[in-house]
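Participant: Using the sequences and the hints, build the whole thing.
If you read the sequences in order, they're chains A and B.
For what it's worth, my numbering labels the leading residue of the first sequence as 77, then goes sequentially.
For what it's worth, my numbering labels the leading residue of the second sequence as 77, then goes sequentially.
Worth flagging that the hints you see were computed from the coordinates, not collected in a lab.
Just so you know, these numbers come straight off a predicted model, no measurement behind them.
Treat the hints with care, as some may be off.
No distinction is drawn between identical chains; accordingly, a pair holds when it is met within one copy or between any pair of copies.
In silico EDC-like links for lysine to aspartate or glutamate, alpha-carbon gap of 20 Å or less [unchecked claim]:
| id | residue 1 | residue 2 |
| --- | --- | --- |
| 1 | 393 | 122 |
| 2 | 288 | 467 |
| 3 | 134 | 123 |
| 4 | 266 | 188 |
| 5 | 134 | 122 |
| 6 | 413 | 459 |
| 7 | 468 | 237 |
| 8 | 266 | 150 |
| 9 | 299 | 329 |
| 10 | 387 | 372 |
| 11 | 233 | 467 |
| 12 | 393 | 242 |
| 13 | 311 | 150 |
| 14 | 192 | 173 |
2 protein chains.
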Amino acid sequence: MVVELISVGTELLLGNIVNTNAAYLAEQCASCGLSCFYQTVVGDNEERLQETVKAGLKRSDILILTGGLGPTDDDLTKEVVAKAMKKKLVEDKKAREMIQAYFDNRGMEITENNWKQALVPEGAIVMYNHNGTAPGLIVESNEKCAILLPGPPKEMKPMFEEYVVDYLKKKNPEVIVSTTVKLCGIGESKVEDMIHDMLENQSNPTIAPYAKTGEVHLRVTAKAADMKSANKLIKPVVKQLKTRLAEYIYTTDENTALENAVVDLLIANNLTVSTVESCTGGMVAARLINVSGVSEVFKMGHITYSNKAKKKILGVKKKTLEKHTAVSAEVAKEMVKGVETVSKADVCVSVTGLAGPDGGTAERPVGLVYIACSVKGKITVQEYHFNGNREKVRENATAAALTLMRKCILEYMTETAF
Amino acid sequence: MVVELISVGTELLLGNIVNTNAAYLAEQCASCGLSCFYQTVVGDNEERLQETVKAGLKRSDILILTGGLGPTDDDLTKEVVAKAMKKKLVEDKKAREMIQAYFDNRGMEITENNWKQALVPEGAIVMYNHNGTAPGLIVESNEKCAILLPGPPKEMKPMFEEYVVDYLKKKNPEVIVSTTVKLCGIGESKVEDMIHDMLENQSNPTIAPYAKTGEVHLRVTAKAADMKSANKLIKPVVKQLKTRLAEYIYTTDENTALENAVVDLLIANNLTVSTVESCTGGMVAARLINVSGVSEVFKMGHITYSNKAKKKILGVKKKTLEKHTAVSAEVAKEMVKGVETVSKADVCVSVTGLAGPDGGTAERPVGLVYIACSVKGKITVQEYHFNGNREKVRENATAAALTLMRKCILEYMTETAF
Numbered sequence: 077m078v079v080e081l082i083s084v085g086t087e088l089l090l091g092n093i094v095n096t097n098a099a100y101l102a103e104q105c106a107s108c109g110l111s112c113f114y115q116t117v118v119g120d121n122e123e124r125l126q127e128t129v130k131a132g133l134k135r136s137d138i139l140i141l142t143g144g145l146g147p148t149d150d151d152l153t154k155e156v157v158a159k160a161m162k163k164k165l166v167e168d169k170k171a172r173e174m175i176q177a178y179f180d181n182r183g184m185e186i187t188e189n190n191w192k193q194a195l196v197p198e199g200a201i202v203m204y205n206h207n208g209t210a211p212g213l214i215v216e217s218n219e220k221c222a223i224l225l226p227g228p229p230k231e232m233k234p235m236f237e238e239y240v241v242d243y244l245k246k247k248n249p250e251v252i253v254s255t256t257v258k259l260c261g262i263g264e265s266k267v268e269d270m271i272h273d274m275l276e277n278q279s280n281p282t283i284a285p286y287a288k289t290g291e292v293h294l295r296v297t298a299k300a301a302d303m304k305s306a307n308k309l310i311k312p313v314v315k316q317l318k319t320r321l322a323e324y325i326y327t328t329d330e331n332t333a334l335e336n337a338v339v340d341l342l343i344a345n346n347l348t349v350s351t352v353e354s355c356t357g358g359m360v361a362a363r364l365i366n367v368s369g370v371s372e373v374f375k376m377g378h379i380t381y382s383n384k385a386k387k388k389i390l391g392v393k394k395k396t397l398e399k400h401t402a403v404s405a406e407v408a409k410e411m412v413k414g415v416e417t418v419s420k421a422d423v424c425v426s427v428t429g430l431a432g433p434d435g436g437t438a439e440r441p442v443g444l445v446y447i448a449c450s451v452k453g454k455i456t457v458q459e460y461h462f463n464g465n466r467e468k469v470r471e472n473a474t475a476a477a478l479t480l481m482r483k484c485i486l487e488y489m490t491e492t493a494f
Numbered sequence: 077m078v079v080e081l082i083s084v085g086t087e088l089l090l091g092n093i094v095n096t097n098a099a100y101l102a103e104q105c106a107s108c109g110l111s112c113f114y115q116t117v118v119g120d121n122e123e124r125l126q127e128t129v130k131a132g133l134k135r136s137d138i139l140i141l142t143g144g145l146g147p148t149d150d151d152l153t154k155e156v157v158a159k160a161m162k163k164k165l166v167e168d169k170k171a172r173e174m175i176q177a178y179f180d181n182r183g184m185e186i187t188e189n190n191w192k193q194a195l196v197p198e199g200a201i202v203m204y205n206h207n208g209t210a211p212g213l214i215v216e217s218n219e220k221c222a223i224l225l226p227g228p229p230k231e232m233k234p235m236f237e238e239y240v241v242d243y244l245k246k247k248n249p250e251v252i253v254s255t256t257v258k259l260c261g262i263g264e265s266k267v268e269d270m271i272h273d274m275l276e277n278q279s280n281p282t283i284a285p286y287a288k289t290g291e292v293h294l295r296v297t298a299k300a301a302d303m304k305s306a307n308k309l310i311k312p313v314v315k316q317l318k319t320r321l322a323e324y325i326y327t328t329d330e331n332t333a334l335e336n337a338v339v340d341l342l343i344a345n346n347l348t349v350s351t352v353e354s355c356t357g358g359m360v361a362a363r364l365i366n367v368s369g370v371s372e373v374f375k376m377g378h379i380t381y382s383n384k385a386k387k388k389i390l391g392v393k394k395k396t397l398e399k400h401t402a403v404s405a406e407v408a409k410e411m412v413k414g415v416e417t418v419s420k421a422d423v424c425v426s427v428t429g430l431a432g433p434d435g436g437t438a439e440r441p442v443g444l445v446y447i448a449c450s451v452k453g454k455i456t457v458q459e460y461h462f463n464g465n466r467e468k469v470r471e472n473a474t475a476a477a478l479t480l481m482r483k484c485i486l487e488y489m490t491e492t493a494f
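Facilitator: Quick look at the structure:
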């Protein structure tokens with residue numbers, strides 16, 4: 077079964093944004109066992125969009141369109157698809173109610189153009205949007221099908237996962253099952269080196285490495301007649317990966333992010349946590365608080381970007397700051413000790429670094445970061461050198477802080493087990 | 077003059093990599109004054125690549141193809157383009173020498189398949205590759221032109237800048253210039269309502285609205301013979317937008333994000349800032365600290381996710397928490413007062429809310445957020461209702477906090493101006 081992706085949006089044609097939707101959808105479709113031969117980007121132009129949809133319906137079984145579902149006259153995707161598939165547009169009652177509720181909740185007035193979003197091609201499956209106003213649609217006609225999703229990734233992805241994955245799996249009887257083995261604290265090339273023979277000799281299941289910020293994911297994918305047989309193919313490969321890469325693997329669960337793994341460890345070991353951040357400015361805490369169960373263990377977080385705050389809140393010594401500068405192992409250590417004293421948390425983490433773009437020297441270049449982690453008073457400090465711009469340095473430092481926390485908690489568990 | 081982008085590569089179709097080349101080239105082409113109506117991704121498949129090239133040559137003046145220029149049998153781009161444009165392949169002497177030198181320099185043996193890369197369509201402009209082995213090509217025929225570039229961004233971008241920019245500028249004397257007007261504190265449909273007539277009657281410049289989290293961007297784009305004339309077309313439109321939407325516009329500068337605008341206001345008015353966050357868990361501070369000049373004004377940040385931390389760090393009263401719950405206007409107010417007392421910052425902001433997925437009730441649903449902002453002691457509290465998952469609620473709350481800070485600082489400025 078062949079799928080084709082059509083991204084609608086002038087901002088893509090102008091290069092204002094990168095088409096991450098296409099990469100996400102392509103990956104998802106591949107793991108649903110669908111072949112994808114074409115991806116097209118086209119603007120909000122009726123004639124060209126029509127031409128693209130027509131060509132797609134001719135050569136592919138399923139079209140997935142993103143973008144152009146909004147309230148403005150510019151948004152044409154639904155209208156063009158309905159016309160190409162010969163469907164009338166009718167109002168969907170629930171969609172109308174949800175648009176009403178969306179605005180009521182915000183205490184905002186609804187402008188007339190918003191009701192356009194409640195119109196759907198007759199007979200379409202309506203995918204209600206919990207993260208925006210435009211509903212998604214699945215339109216079927218003559219063995220072909222068009223799936224219309226909103227453009228913003230934060231609306232598109234949850235909708236795809238809620239509705240489309242199951243729909244595609246039903247359409248394509250062969251199952252493709254994937255397990256993602258997620259690693260932290262190791263680089264992509266090192267991983268590839270350690271499983272070189274497995275990557276060389278793969279067929280079914282396949283193993284695909286993906287580099288993420290501070291992480292490497294290995295996606296193990298098997299094709300089979302049913303779920304059970306696919307899982308049977310995957311199991312020994314995952315086992316082998318676990319044997320080789322044990323210490324770096326923090327999960328094999330698709331929905332577990334690194335922060336989930338850390339919070340799970342904290343909860344399981346009855347450990348509380350506090351954070352103090354300089355260059356990451358709250359990003360470590362924000363990731364921990366991403367986990368909805370974190371309230372059980374999160375004591376407090378501090379952002380001490382200035383030296384004054386470091387001294388005042390954490391009792392970092394003036395002498396230490398002067399002798400070693402704010403970006404040093406010594407200050408990271410005093411920061412973590414400070415937050416431990418203030419919060420009395422079992423696990424504490426501190427981050428101090430030079431995120432740039434200014435402030436770097438030959439000796440202390442931009443990208444230099446120190447992270448300290450204490451578990452019940454035992455402190456570990458690490459030095460890091462990250463590449464990239466301010467944002468990239470901060471994201472890498474955040475991932476490194478979570479990775480170090482995980483490592484220190486695991487060490488504590490090993491020590492206390494005897 | 078119309079350009080079309082064709083990216084060749086199976087790894088794009090599988091979603092293994094994001095197509096950043098297309099975004100880069102699209103932006104470059106736009107700033108060379110070229111219109112781009114289509115971007116296509118197609119695999120290393122002769123038939124489908126041929127179909128795509130043929131369709132492109134029919135509807136566009138210039139094709140830019142990336143990828144598929146390498147030494148393997150899979151690499152077909154050059155062969156397919158040569159065939160479509162009826163050109164013989166001949167060996168380019170300099171290209172051959174450069175391939176030889178590339179391998180010699182690395183002390184590597186040349187395998188036979190590498191010589192394929194020295195073959196070029198007869199009469200083509202050869203773009204020598206200083207960062208890899210495959211040369212790029214510009215092939216002209218019947219007023220049409222195909223530009224072939226290597227796939228890896230590190231080879232493609234320098235080659236584009238060395239050869240292609242000048243080539244395109246010569247071909248197209250027109251320029252395209254854009255200005256983005258960025259708004260906060262207003263929804264997309266309300267904006268469109270307020271400038272409906274402008275959107276209806278646009279031609280040159282065009283106005284395109286984009287919804288972002290908590291923001292709306294209006295991109296004003298003009299085409300003209302030169303930069304100066306383009307800016308002359310843009311200026312009155314931006315002026316009109318400013319007249320109609322004044323209070324919501326925080327910048328017209330491409331590189332200024334909402335956090336930059338807030339930090340700029342703080343610095344310009346010599347105001348220090350501190351934050352305290354519950355559900356956003358550091359995201360407001362993290363965005364402020366995204367701005368590299370923030371150290372001048374950022375005093376400290378706190379993350380008080382638990383009631384205990386709210387009491388301990390901020391002195392929020394037990395009675396207030398019991399009577400009104402942690403997610404209330406009263407607690408938001410006490411939080412902001414608390415951080416004001418502790419940090420003595422001029423501007424303080426507090427966020428408390430229910431990000432979900434658990435903890436919501438009919439009276440206090442998930443998505444309920446209170447944000448308080450104080451400027452020199454004067455406190456403003458606002459209630460918000462956000463839709464979406466935990467992440468979405470937190471991102472919306474973060475944008476709303478920055479928006480409220482901006483509003484309160486502007487009010488303070490107006491008041492103190494008299």
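Participant: Could you tell me which of the numbered hints above are not met by this structure, giving the numbers in increasing order?
Facilitator: 1, 12, 13
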